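Q: Whenever a hint applies, use it, and build me the whole structure from the sequences.
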Amino acid sequence: MKKWIVATFATVAVAALGAILPIGHADAHAASPTMIEYGSSNGDVWDLQHRLNKLGYSVKVDGIYGLDTEKSVIHFQKHNNLRIDGIAGPETWNALKKATDKSQTAQTQGQQFSLSAEDKQWLARAVHGEARGESFKGKVAVAAVILNRVESDKFPNTVKGVIMESGAFTAVDDGQIWLEPNDTAYKAVEAAAKGWDPSHGSLYYFNPKTATSDWIWSRPQVTQIGNHIFTK
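All the letters of the sequence shown, read from the start, carry residue numbers -30 to -1, 1 to 202 under mature numbering (1 follows the signal peptide of the UniProt record, and there is no 0).
Quick caveat, the hints were computed from the structure, so don't treat them as lab data.
None of the values given here were measured: they were computed from a predicted structure.
Hints are supplied without guarantee of correctness; some may be wrong.
To be verified - What follows is a set of in silico ranges between Cβ atoms, one per label pair, in the way DEER data are often shown: (1) 145 / 182: 17 to 23 Å; (2) 24 / 145: 38 to 44 Å; (3) 178 / 23: 18 to 24 Å; (4) 103 / 137: 19 to 25 Å; (5) 53 / 88: 49 to 55 Å; (6) 51 / 130: 35 to 41 Å; (7) 149 / 53: 44 to 50 Å.
Virtual Cβ for every residue (Gly too), placed ideally from N, Cα, C.
A: Below you can see the structure in the form of structure tokens.
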């Protein structure tokens, strides 16, 4: 049986999340890149493009800071009385984040999950096995994908069922699922259970450096966090 609660107020989810995250992690989430510009290609560019799209600036979300992205940044700077240089520096980033904060919160906060101790242990094992080298945000995103699958009619409706589904997760295939998860993995699970979804509702993720499946590359890409691209 699927267990979830729709949070009445986004601020409740935010407050609950703040209670379980170390201050250091919260600061890391709020930090912006110093500067990205034409020619940049990294996770920050994915974030930039995603935010621009949310504000109506049509730009391909591919993680590459090309001419289209530069033009969209220039348009955003013009519309917000910023220095017009096509570079996403601290001032542009701050303005962009303020502009997208409201809609971002609506997308990434809201649904909470009631999990048993066994569910949390399975999730922590999956997070530790799949994403222990990723940032805290990246770990939460992996946990969120698993919870999104539990809620989807396309997958088993239990945490263990989703994780242990044949071929679903590398950590199960190579045995890393049985490693003892650390405290950070459990904190990431708690954050996801309380409604934080950095994957924006994704059902899949993959490492672009190692993925060879044409099918996974064909999925609609949502965002990139660390070494993982998250898709619908």
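Q: Now, for every hint given, state plainly whether the structure supports it.
A: Against the structure, the hints:
no. : hint                  : result
1   : 145 / 182: 17 to 23 Å : 21 Å, holds
2   : 24 / 145: 38 to 44 Å  : 40 Å, holds
3   : 178 / 23: 18 to 24 Å  : 20 Å, holds
4   : 103 / 137: 19 to 25 Å : 22 Å, holds
5   : 53 / 88: 49 to 55 Å   : 54 Å, holds
6   : 51 / 130: 35 to 41 Å  : 53 Å, violated
7   : 149 / 53: 44 to 50 Å  : 48 Å, holds
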